[in-house]
Each structure stands twice: as C-alpha cells, then as structure tokens.
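*Asks:* Whenever a hint applies, use it, and build me the whole structure from the sequences.
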Amino acid sequence: MAASDRFEVPPEMRALAEKSVEQARQAFDGFISAAHQAVSAFEGHAETARKGARDVTEKAMSFAEHNIASAFELAQDLVRAKDMQEVLRLQGDYIRRQMQALTEQAKELGESTSKAAKDAAPPR
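The opening residue of the sequence shown carries number 1 in my numbering; numbering runs sequentially from there.
Bear in mind the hints are in silico, worked out from the structure with no lab data behind them.
Every value quoted in this text rests on a predicted model; they were computed, and no experiment measured them.
The C-beta atom is built at its ideal place from N, Cα and C for all residues, glycine as well.
Treat the hints with care, since some could be wrong.
As the list claims (entries may be wrong) - Just the calculated beta-carbon pair ranges, DEER-fashion:
(1) Phe42 <-> Pro11: 45 to 51 Å
(2) Phe31 <-> Ala53: 29 to 35 Å
(3) Glu65 <-> Gly92: 21 to 27 Å
(4) Thr57 <-> Ala121: 18 to 24 Å
(5) Gln85 <-> Gly110: 35 to 41 Å
(6) Phe28 <-> Ile68: 56 to 62 Å
*Replies:* Structure (structure tokens):
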C-alpha cells in the first residue's frame, strides 16, 4: 500500500470518537443499573403484595370458619330447644352475635386490605 492510500484519523477525531464511545458505555451502564433497580423494586413490591393478599385471605378464611361453627352451634341448640319461645330466643341471640361479629370482621378485613394495599404501593 502506498503511503498516500493509508487512512489517517486525526488525533482530535480519535479523541472525540473515544470520548463518545466512553459516554455511550456510561449511559448504557446507567441504563442497565436502573433496569436492575427497577426489577428489584418490582420484585419487592410483588412479594409484599403477595404477603398482604395471603394475610387477608387467611383472615377471611378464619372468619368463615368461625361463622360456620357458630351456625352449626345454633343448629344444635335449635334441635335441643324445648319450645317455640326458646327457638325464637336462640335465633334472636344468634342474629345479634352474628351481626356484631360480622361488623367486627368487616372492619378488620377493611383495615387489613387497606394495609396490604398501602404496603404494596411503591414509595413516593
């Protein structure tokens, strides 16, 4: 090859190209780092949401079991009732207890659901 056919990159152009490549590498590294942080944050929020949903579900199941046990207890008491007056008293007592229990259960579930949603929400 003749000396005049050689391609020479002026030092200024080479320095500019190297600087551009380094800036692009830094930008890419920053992007990758941000992507890793976003994935980690999402995984953390997803786990928190999963735990909150599990807690609410377990609480709801516990309430359902309690309510079913109360209904069976009422059924047993009704079978043993001696007269219609006792049946009416048992039903009235059951309804009062259940209304109180359901009110408390709804309040607890609402609080648990709100807490789970708040805990799962990304920080602002």
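*Asks:* I want to verify a distance hint. Is the separation of the beta carbons of Phe28 and Ile68 within 56 to 62 Å?
*Replies:* Holds, since Phe28 and Ile68 (Cβ atoms, about 59 Å apart) stay within the stated range.
*Asks:* So the hint says 21 to 27 Å: do the beta-carbon atoms of Glu65 and Gly92 match that?
*Replies:* Cβ of Glu65 to Cβ of Gly92: about 24 Å, so the range 21 to 27 Å holds.
*Asks:* Do the beta carbons of Gln85 and Gly110 sit within 35 to 41 Å of each other?
*Replies:* The hinted range 35 to 41 Å holds for Gln85 and Gly110, with Cβ atoms some 38 Å apart.
*Asks:* Evaluate the given range 45 to 51 Å for the C-beta pair formed by Phe42 and Pro11.
*Replies:* holds, 46 Å
*Asks:* Could you see if the CB distance from Phe31 to Ala53 stays within 29 to 35 Å?
*Replies:* With a Cβ separation near 32 Å, Phe31 and Ala53 satisfy 29 to 35 Å, so the hint holds.
*Asks:* Between Thr57 and Ala121, is the Cβ distance one that fits in 18 to 24 Å?
*Replies:* Given a distance of about 19 Å, which is inside 18 to 24 Å, the answer is holds.
In terms of the numbered hints stated before, the structure departs from none.
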